[in-house]
Every structure is written in structure tokens, then in C-alpha cells.
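Fit chain W to the given chain L structure using the hints.
2 protein chains.
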Amino acid sequence: MKTALSALGRRTAPPAISWLMKTALARPKLISLAAGFTDNPTLPVRLSRRLLNDILRSPLSGQPALQYGNTAGEMNLRTLTAKHLQKLDGGHDRAHSPEHVIITGGSQQLLYMTLEALCDEGDLILVEDPTYFVFLSILQSRGIRARGVKLERDGIDLAHLETVLARLKKSGELRRLKALYLVTYFQNPTGATTSLAKKRAVLKLLKTYERAAGHPLYLLEDAAYRELSFPARTDREDGPAEPPPTALTLPGARDRVIYAGTYSKPYAPGARLGFGILPEPLHTAVLRIKGNHDFGTANLLQQLLAQALATGLYDRHVARVRINYARKARVMHRALAEYFPPAVEIWAAGGGLYFWARLPHGISAGLKSKVFQTALKHDVLYVPGELCYADDPARSKPDHELRLSFGSASEANLREGIARLGQVLRKLI
Amino acid sequence: MKTALSALGRRTAPPAISWLMKTALARPKLISLAAGFTDNPTLPVRLSRRLLNDILRSPLSGQPALQYGNTAGEMNLRTLTAKHLQKLDGGHDRAHSPEHVIITGGSQQLLYMTLEALCDEGDLILVEDPTYFVFLSILQSRGIRARGVKLERDGIDLAHLETVLARLKKSGELRRLKALYLVTYFQNPTGATTSLAKKRAVLKLLKTYERAAGHPLYLLEDAAYRELSFPARTDREDGPAEPPPTALTLPGARDRVIYAGTYSKPYAPGARLGFGILPEPLHTAVLRIKGNHDFGTANLLQQLLAQALATGLYDRHVARVRINYARKARVMHRALAEYFPPAVEIWAAGGGLYFWARLPHGISAGLKSKVFQTALKHDVLYVPGELCYADDPARSKPDHELRLSFGSASEANLREGIARLGQVLRKLI
Chain L
19 MKTALSALGR RTAPPAISWL MKTALARPKL ISLAAGFTDN PTLPVRLSRR
69 LLNDILRSPL SGQPALQYGN TAGEMNLRTL TAKHLQKLDG GHDRAHSPEH
119 VIITGGSQQL LYMTLEALCD EGDLILVEDP TYFVFLSILQ SRGIRARGVK
169 LERDGIDLAH LETVLARLKK SGELRRLKAL YLVTYFQNPT GATTSLAKKR
219 AVLKLLKTYE RAAGHPLYLL EDAAYRELSF PARTDREDGP AEPPPTALTL
269 PGARDRVIYA GTYSKPYAPG ARLGFGILPE PLHTAVLRIK GNHDFGTANL
319 LQQLLAQALA TGLYDRHVAR VRINYARKAR VMHRALAEYF PPAVEIWAAG
369 GGLYFWARLP HGISAGLKSK VFQTALKHDV LYVPGELCYA DDPARSKPDH
419 ELRLSFGSAS EANLREGIAR LGQVLRKLI
Chain W
19 MKTALSALGR RTAPPAISWL MKTALARPKL ISLAAGFTDN PTLPVRLSRR
69 LLNDILRSPL SGQPALQYGN TAGEMNLRTL TAKHLQKLDG GHDRAHSPEH
119 VIITGGSQQL LYMTLEALCD EGDLILVEDP TYFVFLSILQ SRGIRARGVK
169 LERDGIDLAH LETVLARLKK SGELRRLKAL YLVTYFQNPT GATTSLAKKR
219 AVLKLLKTYE RAAGHPLYLL EDAAYRELSF PARTDREDGP AEPPPTALTL
269 PGARDRVIYA GTYSKPYAPG ARLGFGILPE PLHTAVLRIK GNHDFGTANL
319 LQQLLAQALA TGLYDRHVAR VRINYARKAR VMHRALAEYF PPAVEIWAAG
369 GGLYFWARLP HGISAGLKSK VFQTALKHDV LYVPGELCYA DDPARSKPDH
419 ELRLSFGSAS EANLREGIAR LGQVLRKLI
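Protein sequence lines, in the order shown, are assigned to chains L and W. Following the working numbering, the numbering of the first sequence begins with 19 at its first residue and continues without gaps. Following the working numbering, the numbering of the second sequence begins with 19 at its first residue and continues without gaps.
Bear in mind the hints are in silico, worked out from the structure with no lab data behind them. Note that the coordinates shown come from a computational prediction; the quantities given were computed from them, not determined experimentally. C-beta: ideal position from N, C-alpha, C; glycine also. All clues given are correct.
Non-contacting residues of chain L with respect to chain W, defined by C-beta distances greater than 10 Å in every case (computed):
(1) S115
(2) L221
(3) G330
(4) P378
(5) S382
(6) D410
(7) N431
With a straight-line Cα cutoff of 25 Å, these simulated DSS-like cross-link-like pairs (lysine-lysine) come out:
(8) W:K225 x L:K20
(9) W:K20 x L:K187
(10) L:K386 x L:K40
(11) W:K188 x L:K20
Among chain L residues calculated to face chain W with C-beta under 10 Å, some are:
(12) V63
(13) L70
(14) E134
(15) L322
The following block holds chain L by itself, in its conformation from the complex:
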């Protein structure tokens, strides 16, 4: 008998890093520089306890927090979210409207629903080369084709973007293109941040190709790591002092930019909340789709974040988190300088959770490589960069890169992990 599964059900591949996760569990002494987990000691345990106590102290605030809400999310959190974004954008005068905010169960859910609303099987999405691997998993699962665009230290390679767009136009495939996906702040996996100038140029470029596409071409801006910028007093100078504003602030962006944000990384992944700002008709479509997914994210979590934002305690918490990650990044940076061979190129980020390391060409760091296998024997794990590249027939997947996370390991383990990895690399390079 055949399977009853749908094409999607049959096609959906296991997560790119499921094997890595299993490996980590099986080796208790392993130091993982692979996990994108946040730092345990800075999680807001006491703060959340205090805020939840306040919310659940009286039936007046406790009952609504435990009751159903509405699909778009609680109005107080949507309003606070719009204000919060305005503040991050340096008090930009064009306030984001709470009417366009949708609160989701993490920004991942927003990405998923946006792709549901936008793409049919066989449609095209442009992504950075490399990009966030779980986004690639959604594309794979839904039969959406990804096309890679080169990435530079300040964001996407504009000349290459134009080449790719021109090629799609020529081949007649531009009609299948729906959006360009950019992880604009301290990108996963490279740590690169897209400059405002590049965001402006990208929007302009997409616009010029809309006539040939026959429909709007959206910029999907994933700002997941935005709030994890290192404070200016860090000893690093090649990162941006303050992250640039979102593409939402650019003229003409309002009906073309989809913004995906999250409270999971800056506050707590265990209180899983994300949000989106979407132009019409996408906003309405995603809202209806969310009505079928869950008709609204858990109110208790929404009230927790609303309380944190309204009291200003969220900002105080994030300020502490940023200092902590800046310190951990410095520890990793120093260890890399001390233990890694000079032939390895390091992209040290100005925020987020990741450094990007590039071995000399010809030396593989992929899953089956000697580097990866030897590292594993020495009980240290990283994410092979090859997992972060789209399946693009026009582009080869580099396999000489490593994503190194300073998010979850302790400072001692960061040093020890990099030392172990450095030893492996010095032997094999």
C-alpha cells in the first residue's frame, strides 16, 4: 500500500542540524559552539517571576491573561511593539501602526505564514548566500526554489543581486519571484549587518523589476538579532556603533517591506514571542492563515512581554544582555586570535550570537570533512557553513566555512572550545 502523505508531507526533509543535535546529546563532554541557544545565566528568571506575579495577583489582570484573545495579538502588546520599534529606529517620525502588527509564536511562525501567503510551489525567493538554515528548510518543505545572492560584510552584494534579477528576467522566471529575504542585523550565520544604504538600494532595485515580474517584489527583513548589538564601549571597532534603522523607515517601503521581529532572543526563547509588520494584502492574508494555525498566540506570554515593555524592565534587561554577549564575543575573539591559524579569516560580529570563520579555499569544514570529524573526536562541535547555503543550481556551495556561536557556552567553554578547534585546524591546514 502506498503512503497517504501529501507531497509536502513526503518532501519535507529532516532539519539540517538534527544530526548535530543528536550528536551533541550523545557526547556529554562535548563543547557545543553549534547551538543558537541564548545565554542561560542571563535569562530573566527573577524578572519573569516578578512580572507574572504582578499579572496573576488579581483576577482583573490574571483572567484575561489565561483566556483566549484575538488572532492578531493583544492590542496593548501590539501598541507597545510599534512604539518599541519606533524607538529602535531612533524615534523615526513615521510611527508604525499597531494595526499592521501581528504577534506570533516566535518570528519563525511569521516567516512560515508569510511564505504560505506569498508562494506557490515552484515560486522563487532570493536569499543571502549563506543564510538562516531554518528559512531554507521552509522553502525546501514547500517546494519553493531558493536563489542565492552573494553576501558582503555590509550586506548583500548589490551588483550580484542585479545580475541575478537580470538573469531571471531574461529566462522569463521573474514572474515566479516573490521576495528577497535578508537577515539584516548580525546575520545568522555570518554576523554581517546590512547598511541602510544597501537596504535603500535593494528596495529601489526590486522596484525596477516589478514591471517585468507583473506583481510586487517584497523585501522580507528578518531582524531577529537586531536588539543583540554590543554596546558602544566594546573594544571592537569594525562593527557598527548603533545598528541602522529598519527598511520600514525608507520612503516607499511601506507597501513593500515585511518586517519579522522577535522577543525570543532578547528576552526569553522559552516565552516564545515574535511579531511581524506586514503591508496589505499580505497582512490580511497572514492574519487569516494564523486564524487557521492557532487563532492567536498564548495570552499569558503576551501579557508577560507587555508588562516587561510597559514597565521599562525589558529595556533594562536587554541592556544587561547586550553587555554580556559583548563580553562573551570578546572572549571568543581573543581565543580565536590566540588559537586559530592566521590563515583562517574571521568575521567578528558587532552583535548577535555568531562569528563566521573561513578556512583557506580547498580545506573542507563540511559534515564529512576531516576537520569536522576530528573536531568531534576532540569534543567540540560547530555548524558547518555548507548547511547555510541554498540549493541553487547556478551557485556552488562553499564548504570551507564554520559558524561559531558564543551564545550558550560559558566563557571557560568558549576558550576551551576554540582552543580545541584551533588545535585541529593547526594540524590540518
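Just chain W, lined up with the frame of chain L:
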């Protein structure tokens, strides 16, 4: 310029009851017997405060609750969920395996992902006539065709199910059929409960049609209201004393029954948690799909429910909730007896949140009917039964029925709401 939306994005209709919800908000004096909300005063505000305090008291338990977890859900909650189900099934000896449990953001998410894994556009799902309207919304959005099967007081009409299956076989459409969806306990919208005998017969019948289908035919059992059974001491006698076991307990069911459960209704919708028990290969497919939706439901909520279950406080809470709903149902039942014309047939449930009222044939209770409009003028709202019927070309949609919820309105409002509605009906029948 054309829209860039996908077929799904363009097709997905607004929720069936969005207009009802807007209406309710616009009329502050309105008594809503429409909302499926749970009872506010019995929400576990103090209990949740206590449990969250315990979880967040120490970093040891607090940090994991605020950190990322895994896609399937925390192992402690999955184990407790499997045990809990075993207890609900009267200590059935075939323990459900925690390995097959997936924790979700409400059972709605489980239903959504299951349909993603199972159905291509154009596939067929059999549903009760009437059924849960948000399930019908998923089908509409995803281009899955629904076919209705008559419902009786003790569950689906077996003879009609066989007729429908035979017809599909004859027309060659059986190959597109994937599953039968049953809301087996205190059904939304009718309050009907499916007997174990019917579940057994349904499984057997589906099995006999599998050869012609060429693939497994699943029974998707939605047990959302299962734990809201009224305790035996209720004055009602036509409802089941103890709800029957799940279809999972039947021989041969293990690889054919998909079970969707929830903690939202018995505990708290604001702490939105559901779960599924799925046979392979569906379990693996849904798990991979969930990896793309959100790679795991909020840990904080999972720990809250795990703590509630492990301490036994969950059971004590649910016992109180059941007594409360039984009392509210009695209030509604008495009011119906007092104020409704005898020509109206009432299906009084033995649990759940809903009564089902059927007007004499020929008298419409639909959205545009005189009954609905006059009720609205008298500030009382119900869910027209017609919204709960599938778009099935072979079946006409009855429009003479009403879903009456005793979930969220106070006892005084239940009486007053039924009195107002009774006045309208006495005038118009």
C-alpha cells in the same frame, strides 16, 4: 499590477465567525451565547501563579523553562501526557508511548500540521455534518474538499458513512480520501459524544475501503472537550456517565488513529497547549513540519502544565471546572425549558460547552434570518448552525439550528440570554 499572493493566500477566507466577533464588540450590552471562550471565574489564576513561582524560584528550573527546547516538546510533559491519557482511558493496559506525543501550541496547530502532512489540494476529508467550523476553515484555505456524514446523538451515522464511502469508491474519488475527522467528545457544535462501539465500527469500515483507496484511511479523533464531562451527580441522565475511551485503545488502531488533545480548554486557553499522538509515517512528517513552524512550543507553558500534572493540582482543578460547567449547563437547560417554545428540539450535552437547538424545519436561524436579526436587536448572539456545515455539493446545509454556549456567560446572563432568545422564538415560530 497583479497581486503577488499565492493561491492559498488569495483563497483563504475570513474566519466564519469574524463578523459575529465584531458584532459582539460593537454592542456592549450584548449577551453572547456564541463565544467558545471558557469560564472566566474558574480560570486557574492563583494556581498558575503558585506553579510559575515554583518553576521560576530557582535558576535550575527557571532557566530551562525560559530557554529553547526541542521540536516534539519537553520529555517530562510528553511522559505526563501519555500517562494522563492512559488514566482517562481507565488505566487501559496499552500505554501510549511518549515517543509518539507531539506538544503543540493548542490542538488547532496539530490539526493544521496534520492536514499539511496528509492532504494535497483537491484531496478529500470526511467530516461530521455539522462539525467544528475552524477545521472547515483549514480545509477551505488549503483547497481540501470536505464531504459531510450525518451525525446522530451517539456519533456519526454508520449507514450514511458507508453510503458515502461506497459512492466515493464508485466515482473513483476514494483515492483522494485521506481521513475521517470526528470530534468525539461533547462535539462542537452539537454536544454529541461518539460511543466506543461507533469508533470501533468506523475503524473497521475505513479499513475495508483501504484497498480501493490504495493507501491508509486515517481516523482523526479530535478530543478537545473530552475532559469537560459533567460529574456523575448531575441531574441530567441522557448524557454518558463517563466518557468512553479514545479510539486509540481499540485493536488495530495504533497505526490508523490520529489523536488531537488539548490542555487549553480544561486548564487555560491563555497558556495555549495542545498535543497529538500520531502513527508513523505521520508522526515524523508532522514533527518535521513543526520544525519549520516554530521548532517547539514555548517551554514556559510546557513547564507550567508539567508542574500542574505532576503535582496532581491539574486534576483537582479540572474536577472543579467540571462541576462548574455542569452547574452552568443546568442553568441553561432550565432556562431553555422555561423560555423556549416546545417545538424547538434541544440536544443537551453531558459535557463540553455547547447545547444544540433545532427549530422546526422551514424556520431559518441563519445569519440573514429574521430570528438572528431580531435576536441581535434584543442583544443576544448565538452561532448559526449553518456555519458548521461543510461545503458539500451532495448535501444541503440546514439553516434551522443554533449553537448555544454556556462557557463564558455568567449564570445570570445565561438565563437572561435564553429568555431573550425564547421571546424572539415564541414570536417567530
